[in-house]
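Chains as they are written, first to last, in our numbering: chain H, 1 to 394; chain U, 1001 to 1394.
Treat each hint with caution, since some may be false.
Heads up, simulated BS3-like pairs for lysine-lysine below, C-alpha to C-alpha not over 30 angstroms straight-line [said to hold, decoys possible]:
#1 U/1059 <-> H/322
#2 H/43 <-> H/387
#3 U/1248 <-> U/1358
#4 U/1020 <-> H/339
Source of the hints: derived by calculation from the structure; they are not laboratory data.
Below are the chains, spelled out letter by letter.
2 protein chains.
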Amino acid sequence: MSVIMCPGFKAAGVSSGLKKNGQKDLGLIYSQVPATVAGLFTKNRVKAAPVLLDMELIKSGVCQAVVVNSGNANCCTGEQGMRDARTMTSLAASELGISNDLVFVASTGVIGAPLPIEKVKTAVPDLVGSLHPEGLPDLARSIMTTDTVPKTASAQGVVEGKTFTVTGVAKGAGMIRPDMATMLCFVCTDVGASPDILKEMLVKAADRSFNRITIDGDTSTNDTVMVMANGLSGAVIRSVAHKNIFQKVLNEIFLDLAKQLVRDGEGVTKLVEIMVRGAVSDSDARNVADTVAHSPLVKTSFFGEDANWGRIVGAVGRADAKIDPDKIDVYFDDVQMVKAGMGCGKAAEAEATKVLCKPEFVVTIDLNMGRGSDLMYTCDFSVDYVKINADYRS
Amino acid sequence: MSVIMCPGFKAAGVSSGLKKNGQKDLGLIYSQVPATVAGLFTKNRVKAAPVLLDMELIKSGVCQAVVVNSGNANCCTGEQGMRDARTMTSLAASELGISNDLVFVASTGVIGAPLPIEKVKTAVPDLVGSLHPEGLPDLARSIMTTDTVPKTASAQGVVEGKTFTVTGVAKGAGMIRPDMATMLCFVCTDVGASPDILKEMLVKAADRSFNRITIDGDTSTNDTVMVMANGLSGAVIRSVAHKNIFQKVLNEIFLDLAKQLVRDGEGVTKLVEIMVRGAVSDSDARNVADTVAHSPLVKTSFFGEDANWGRIVGAVGRADAKIDPDKIDVYFDDVQMVKAGMGCGKAAEAEATKVLCKPEFVVTIDLNMGRGSDLMYTCDFSVDYVKINADYRS
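One chain only, chain H, in its complex shape:
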């Protein structure tokens, strides 16, 4: 299914020289009219300058453009970093002929190096000149760091006879963890919605997607998820029924992008859904899913395609949740590996190993204690993950 750009938006991505390899590193997304906006930003107490600036700008609830660079996070850069973030927005605003406070900013890359703002300055005219309704793939490439593929998604819905579109672009790779996934994600839509409604729906969609994925458990200083709604479709989200329709489409886009992030996590070869059910509460289920999804021993055994269920049970045992070791069942897809806390034998193990050889599968952990359930998306931990992160800056 090809990705379609939301009507009324344009995008661009160019090379400004921030990346050493000459690849695209400066992107822009632009709405032909000012849009309402909602955002979620990193919970890390160390926040990059562009995040701090956006958190101020978003109070207005209005945004018309986002300028974003890769290759430098503009984080731990002090007052100069804040000035550089403001300069990025004013350069773009001036070239677009709109007010400074309608332009948001995001950065991703190495922490602690000053942003070479002159490179950005030189490239902005070309960036604005490249804006195009078909520019989404260029934007998607321009925000990549260790990502190996660009990530975009789109879907449509109908409210009161009016078709609306939701289009998203994201980058991720390493440092992905719930609250928030280390990532940038920009979603544009042509519904009309107040900033409050947009925020409410953004939070719900993120909770079911970006807050359910993990790659290495680290979080970034630059995480940003934004939704812009320019209202040009004429579909306005007001009633509960409208919300339900829009939420479903938004959830779909977010989950699609979140899974793309995990699949393309650094060195990842497998996408694994950790489904926990039968917990005393949903929060217990969440704790178990989270602990299993983050366990390096579980993740390396996925990489090794080894049905080492003992490591899964071991991780369950250290989660903050009420469990009875003698009641735990574990399944790899529909192959039961553990029954009442004990292994199901060699035949089951052979079947489970076949499941592990697949690029995507589900590990279901049934605690048989109650009705609580939750899930996490995780990945394997590979030799390449270590190689990529040992050499990142070299």
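Position chain U relative to chain H; hints supplied.
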């Protein structure tokens, strides 16, 4: 410094065939008289059969021998596992000619496979026959799993003119995390001490050593730390002054063994002390040290010998602690890399890179917020860690 065995104890290690490669896999430690005993066991809710049995036995406060195997964890093995653990103790007790409830048991290895108790049965006479005052190195080898070197330590002290000895043996490798490090550790001493005093001092020593180390953040189902005191030196620990003397020696042995565990962690090439000071409270300092010590991105940058201080600051930012990003200082040994939240430049980075190339160094994080401090011992995260854990059971 050569390790000396505590007088009045003997040890042995033999091959019973539990390990596929024919290496030593069955060990025994024996006191010539019944000793008082204190222990700490895994906090994992999934506990192996030998742990459950020892937790019962230790209520008596008396122990004369510990029989231990590697190659099989006897965990998630149900009622048969409990019977097998009891059989291990009764086989050893019978051969030693002492009561069953004076023999403790420990196991380490793969989870979920039934213990081949017949192999143990066949080997016990040879095991007991091999007991020797110089048998410590054999015992140390018999409890190794992915450990590459045996781990022992000894030290002496004097109480009221009487010299006492403390001798310890440990195994670790992967799955090391505070509360508890996944590990086995047996310490024998010839002081006299009540089980209560022994427990109090064991807890303190463990808190400063095994609970301050991390390799991969996972915990095991089999962790066991035991101290046996047989009183044969005539030195009796009663007063506060005596306790201080004994605690110092015990701490030394525990920290020595704990550092040996990290150095020999799976794939480890570096031992790194994460020292946090200037926190609002000691518990804030602990949280920061713990988060930095567990961060895969920080650990892979140690492996890459990359002075990527941005990852350290990023990890500090997501720790549960009060911080001001603009006050953080970071040092690699005595090289300051970060001052007031910003990098100290290329020259400092070049110096810091030299520190990173050392096999052991200290990362000091000064939050400049208060007087709280704490530390953790961690290691790098290497390509070999992943290889070892992907292939563990093959």
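Evaluated hints:
no. : hint              : in the structure
1   : U/1059 <-> H/322  : holds, 25 angstroms
2   : H/43 <-> H/387    : holds, 28 angstroms
3   : U/1248 <-> U/1358 : holds, 29 angstroms
4   : U/1020 <-> H/339  : holds, 27 angstroms
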